[in-house]
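Chemist: So the sequence lines, in the order shown, correspond to chains A, B, C and D. Residue numbering for the first sequence follows my numbering, beginning at 1 and increasing consecutively. Residue numbering for the second sequence follows my numbering, beginning at 1 and increasing consecutively. Residue numbering for the third sequence follows my numbering, beginning at 1 and increasing consecutively. Residue numbering for the fourth sequence follows my numbering, beginning at 1 and increasing consecutively.
The set of hints was computed from the structure by calculation and includes no laboratory data. Be aware that one or more of the hints could be misleading.
Selected chain C positions facing chain B (Cβ under 8 Å, derived; list incomplete) [as the list claims (entries may be wrong)]:
#, residue
1, Ser-136
2, Pro-221
3, Asp-286
4, Thr-292
5, Gly-418
Keeping only pairs whose Cα atoms sit at most 20 Å apart, straight-line, the calculated EDC-like set for lysine to aspartate or glutamate is [as the list claims (entries may be wrong)]:
#, chain 1, residue 1, chain 2, residue 2
6, D, Lys-272, C, Glu-240
7, B, Lys-138, A, Asp-193
8, A, Lys-138, A, Asp-193
Computed footprint of chain A on chain B; a stretch qualifies when at least three of its residues, placed anywhere within it, have a C-beta under 8 Å from a C-beta of chain A [stated by the list, open to error]:
#, stretch
9, 233-245
10, 256-268
11, 303-314
Ideal Cβ placement from N, Cα and C applies to all residues, glycine included.
There are 4 protein chains.
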Amino acid sequence: MIDRTIIEAENAARQADLTADYDALGARLARRGLDIEALTARAMSFGVAVPSWGTGTGGTRFARFPGGGEPASITDKLDDCGVIHALTAATPRVSLHIPWDKADPALLREKAEEVGLGFDAMNSNTFQDQPDQGRSYKYGSLSHTDAATRRQAVEHNLECIEIGRAIGSRALTVWIGDGSNFPGQTSLSRQFDRYLDSMKAIYAGLPDDWRIFSEHKIYEPAFYSTVVQDWGTSLMTAQELGPKAQCLVDLGHHAPNVNIEMIVARLIRAGKLGGFHFNDSKYGDDDLDSGTVEPFRLFLVWNELVELEDAPGLDLAHMIDQSHNVTDPIESLIVSAVEIQRAYVQASLVDRAALAGFQAENDALMAAATLRAAFRTDVDPILQTARLRAGAAIDPVAAYRASGWRARVAARRPQAAGGGGGIV
Amino acid sequence: MIDRTIIEAENAARQADLTADYDALGARLARRGLDIEALTARAMSFGVAVPSWGTGTGGTRFARFPGGGEPASITDKLDDCGVIHALTAATPRVSLHIPWDKADPALLREKAEEVGLGFDAMNSNTFQDQPDQGRSYKYGSLSHTDAATRRQAVEHNLECIEIGRAIGSRALTVWIGDGSNFPGQTSLSRQFDRYLDSMKAIYAGLPDDWRIFSEHKIYEPAFYSTVVQDWGTSLMTAQELGPKAQCLVDLGHHAPNVNIEMIVARLIRAGKLGGFHFNDSKYGDDDLDSGTVEPFRLFLVWNELVELEDAPGLDLAHMIDQSHNVTDPIESLIVSAVEIQRAYVQASLVDRAALAGFQAENDALMAAATLRAAFRTDVDPILQTARLRAGAAIDPVAAYRASGWRARVAARRPQAAGGGGGIV
Amino acid sequence: MIDRTIIEAENAARQADLTADYDALGARLARRGLDIEALTARAMSFGVAVPSWGTGTGGTRFARFPGGGEPASITDKLDDCGVIHALTAATPRVSLHIPWDKADPALLREKAEEVGLGFDAMNSNTFQDQPDQGRSYKYGSLSHTDAATRRQAVEHNLECIEIGRAIGSRALTVWIGDGSNFPGQTSLSRQFDRYLDSMKAIYAGLPDDWRIFSEHKIYEPAFYSTVVQDWGTSLMTAQELGPKAQCLVDLGHHAPNVNIEMIVARLIRAGKLGGFHFNDSKYGDDDLDSGTVEPFRLFLVWNELVELEDAPGLDLAHMIDQSHNVTDPIESLIVSAVEIQRAYVQASLVDRAALAGFQAENDALMAAATLRAAFRTDVDPILQTARLRAGAAIDPVAAYRASGWRARVAARRPQAAGGGGGIV
Amino acid sequence: MIDRTIIEAENAARQADLTADYDALGARLARRGLDIEALTARAMSFGVAVPSWGTGTGGTRFARFPGGGEPASITDKLDDCGVIHALTAATPRVSLHIPWDKADPALLREKAEEVGLGFDAMNSNTFQDQPDQGRSYKYGSLSHTDAATRRQAVEHNLECIEIGRAIGSRALTVWIGDGSNFPGQTSLSRQFDRYLDSMKAIYAGLPDDWRIFSEHKIYEPAFYSTVVQDWGTSLMTAQELGPKAQCLVDLGHHAPNVNIEMIVARLIRAGKLGGFHFNDSKYGDDDLDSGTVEPFRLFLVWNELVELEDAPGLDLAHMIDQSHNVTDPIESLIVSAVEIQRAYVQASLVDRAALAGFQAENDALMAAATLRAAFRTDVDPILQTARLRAGAAIDPVAAYRASGWRARVAARRPQAAGGGGGIV
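The following block holds chain A by itself, in its conformation from the complex:
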């Protein structure tokens, strides 16, 4: 793992400046009636799960260009996740993907404990065929026209629950690529009926203290219709299944221009918001690093979450879900965790009393200015202090680079093969 003396040396070089910045920010916030210590405490309480698969280099259907030292096993992935949490103190849990991460649960628990991590929601995979698989998902899984294929997909999800129980997870996220590429290829209504039937079978196998998350996506890998295409269909699904079913919002899974923060507010009102997959995007499901393309959008999502944080029963599962194609995945996950945490802290310093007053008076200009004032506050000193106090790095990317981790693991992990994605 990362040598703590490196983190400490890196921090030592930055601490005086940080103190000055923290004090100046504290004074400025105090003038606005805000206690910087309370904000730092909120920052320290923040955590977002890291996806095990995010530690490998991702790709597109055109190509994948792996770097050196790619993780070759779930053990390697957990090592990398441990590095991220050691440096950020913001990613205490890992989310597994089955069958990619299938392993002896006891070993998983042991390894996670070793690197200081817990397990978040389990993720099933019925959008790819595995070598040993009886029936193909080429034409769908939970919504397939063939009952035996649906049953196979249901059983895979039940197995994910079993593995999850053994390692201390408490939720299952279901995302399927089922849909169609051509008008007419499937019956839009009957395909949804079949999907609901399969989901009910999975729901029936859900332990009492578990939740199941339904994740919507407008398109890809299906290009004409997708069974769970939007939050409306996801809501219908969660309503039909029962109280343990909730909706998961992936920021990149919407039509162009859609106001995602409204969806957040609506799902909270419906009592059905379960959590998030964080990432950023400009065009489609680009799976870019969180907060790198539209940081204000990320802030606006958090603004809803903070405004409604006392909604009855709200218990959100936050996860990063990104594809790291041109960066060191560890660095992208570090940056993303920090950017998500940043938006949370920025949203936490909105002057909600003033905002509510401006809203009540329809003073649109000042209401909007109140939000923007929070967004443009540079809360880096808060985030840095939170990390410092938690024993992590003031500048986690610098510390990571200083640690030489990537070169170290590149020396002992096999070189991954690139390849052509979905194109021959």
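Could you slot chains B, C and D onto chain A? The hints should help.
Modeler: Below, chains B, C and D without anything else, positioned relative to chain A:
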């Protein structure tokens, strides 16, 4: 009204060709196992409501360019609507907009009867301020922060119901422009709460045999958030109100790329599809003539409606909702009614048994080809025969032009003023 | 005008805090090798033109809700523009729109001088019909099928040049709404040919020291095709006209997801970027206040402008072009000018040497982080100091409200009528 | 290859019906002043190239699900392409992709001759790394920051030209995935400069009778910026290179809502339209079968091509470019070729004199109706007759299935492996 001898003369000139075309099509359909007479009967059973306001020239925020003979009153509008139905036999009802069409109900009933029309859903208007209005809707109506403004908007809707009862309508369509232009301007959650409270007050005043339609729209006139922004929110509204509340789908009110036919299928499954506002569009809520920009999309919507036409309790209110900026509005409404009817008939000749078989076998190519085969069948002879048999015009636009209607009314109606839309 | 003692009193109350903030920021920037004084000087050199029409409340095709004290004449508008510049020191010029602002040039010059303003680009209007106009623009203007209508539109543009010469303007911006609403309505190719012919006739009348700006827009008011639909067509136009012709980029005039900063870079390379219309948007040409919806996008545009600011011959005309529907227009213009200036200053503190280094090494993560570090720097102290030193207000909205300007002019200007936009 | 007796038997079973349909359509067209024989001759003159790689099953970044009998070599691919042409008589040429199709040119020529095909444009590949490649394209190819990498990419393109010369090709299509995933990752301007330099080096190696096609794409595989992002940049490229450089339009490579037929018209006016990559899409670059999602859009593109077919120097290279994920690729290519041909014939029966008249009079309704009348004409009898007369199949998919081709090659070709696309 239109002189029947003109229609008859126009029809006489086309009848021989029509007979030949009808016979040729009949033979071709027979080979596919389809009875042309049954399809013609379906075409004759079709009806779509015309919006009273659609008979005037519309405009954009930049300008409005009225033509000659614009209707100056609801009486004029009903005359124009009567012309459309006389020529198409496809638009038996008119949908009124209050306060634009406010008049003595007895006179409305009498005039409608005179021109051979009934009344469809009532439409309320809380997106504009009227001269005599106590409170402004600048910052919202049913969701306004001010209780008195909400009450005013509720009462306006109750008045629409009263007028509707007096003229034989059985439904109220509620569309509001409420929302916000800037992040922070309103609380997305509290604004929706206020909207639901207002809608419940209207619902409480709904007669037992009435329905209330909730209409969603992604944006415009509000440009950052809209209270009922999508079908998910519309569904939540209808669910919260009760069994008499349903969702209305306007084809132009969605984000780019959204698969509207899926929404249709979902709302039918939820038992909450109430009806449609038909139009076409390329960019936003363009309100173009139905079937002129993406005719295949219109067909795919109808394909769902025909596939699911036996869904329990399905009772749809179909209306045209367009803005006619560069055409004679009567002509645009004629063309639109025919195009909607065309899509209905095309969807009716889909070989559903073959389609279901291809879908069951995942023969995507043949399933898609089956739909396309129906779409590309030129059903003009069926539509023309349906009109001929109903006493309408084989070529309704030609007959309309031959009738000289527009010149006639231009001589007796005042010239409308143009103007600059929302721009000074 | 605004009483200077009010500005001074408002500034006095904020000056101590500003000094502290400015010093803290200066120290922090110095650590990054940046001189806060140089940045303040850049801020003070910044200017963006205000559109005369922006001082009135705008609207949509659904409605317009004017406030109190709307300007009733170009004199009133210039007064309002003078207020904005007095408070921000960032809007030294006004852009006129003919015929809305037609008046005796000598009086225009005199009034502008009185309120401390100059004149920016002239704007012609051939998207509305004026009462005294011979031919209608319902079916187009510079690209109309009728030669006499095209001639009328050309002559109107030539008249705009004449007025502009008399008041010291040096540029003409041409934006037309010409296009079509239906496939087939116009010949896409011949309509463009006619447009180019008309533009050449205008170009022939352009003084040697003038420029003509071609402004593209994807849609609205035309909904199927628009003659100058994108920057490619605008570039072809500018290339065909000659060296005095350049392209103007309105931030809201693009298809969803389009990368506007790339267009900026391309047009600069082609030697054809003439200037900007600033605003913000979420869905279409929403004309919202600059920097309120996607502030990072505004920053990225400025990042290109700063990176390429030494491109040969680059001489940009910056203007705000917004519709203020729910705010006091003066306040929206103040906020917008400040947000545009903010993005300029943020882009000015990008560490370009470091950025170029990361780019050269394909260190995508650090390159992106370098841009974000500039963006999230809160440069308010710089902007406030720039205003203070220029005799304007540290907090211009607060000073404006303290001045009571709106109430004062509401008492002497007539109440504007609202209305229904493009809808009857 | 396909046994001709099967085609003949299949045709024999359909010939009587076809004769009846052809005669009925001929009579109907004659009434509209159209000669069906001339249209059939046009259909017979039509040809579109097939991409060699299109004969294999494609995939997404999530997965690829190959079918049986996938082509394992360029010989297999040419066999499959030969089958398509034998059945449709509409795909006389194949477009190769290097290095996927690299082989001895003499053998390529011989094999192509054997299956009755010629060679269309060559396609280079610098968006994937090949096993033996010196430098990686992870961070770009022709626009890479590293000169040696750019040189390698240039040389690969020059090699494609060499291979093309040896097999009788006359054009090179250049599409690169270069761009960036994050704001700041690259200098948008310098990256384009480097691209242009590389393209000039390729252009310098272009034989006199060759053309080079620049293909734009808004995004993917790069997700923030793409060097040749739209037709404007493609046009600048072609202008800078010289007369042998032209622009290639792939129908799926545009932002949502973009009017592609306008781009076609503009590029023709600029003398820079080189050809097309045909496919269809609903969301992004979905690469679906041509004419299956928005058939009217395909028609409108062809409407421009037919309207402007006499433009000086117009010489278009038509190719299909699709990914066949859920169908037999041969069947998808058959259907696509037929749909493209269909749109061409439909566009050919537009009454252009009537259309021009309506356009001149601004009779928007009748102009639009004129286009739609052509589109909804079912020209199947023309296409079927064209195939019959050329010795191909009236119903090519039925004949293909009857031939048992897929089962036959599945028995002799190795089973392809599926896989996980760009995702681990």
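Chemist: It remains to establish, for every hint, whether it holds in the given structure.
Modeler: Cross-check of the supplied hints:
Restraint check, Ser-136 (chain C) versus chain B: the minimum CB separation of about 6 Å is within 8 Å; hint holds. For Pro-221 (chain C), the suggested interface contact is upheld, since its CB lies about 4 Å from the closest CB of chain B, less than 8 Å. Because the beta carbon of Asp-286 (chain C) sits about 4 Å from the nearest beta carbon in chain B, less than 8 Å, this interface hint is met. The interface hint given for Thr-292 (chain C) holds, since its Cβ lies 5 Å from the closest Cβ of chain B, which is under the 8 Å cut-off.
Proximity of Gly-418 (chain C) to chain B holds as hinted, the smallest CB-CB distance being about 5 Å (cut-off 8 Å). Distance check on the hinted pair: Lys-272 (chain D) and Glu-240 (chain C) sit about 15 Å apart at the alpha-carbon level, within 20 Å; holds. The suggested pairing of Lys-138 (chain B) with Asp-193 (chain A) is violated, with an alpha-carbon distance near 43 Å, which exceeds 20 Å. At roughly 19 Å between alpha-carbon atoms, Lys-138 (chain A) and Asp-193 (chain A) fall within 20 Å of each other, so this suggested pair holds.
Counting residues of the stretch 233-245 of chain B whose CB falls under 8 Å from any CB of chain A gives 3; the rule of at least 3 is met. Beta-carbon proximity to chain A at under 8 Å applies to 10 residues in the stretch 256-268 of chain B; the threshold of 3 is reached and the given coverage holds. For the stretch 303-314 of chain B, the stated coverage by chain A holds: 4 residues have a C-beta nearer than 8 Å to a C-beta of that chain, and at least 3 were required.
Violated hints amount to a single one, hint 7; each of the other numbered hints is respected by the structure.
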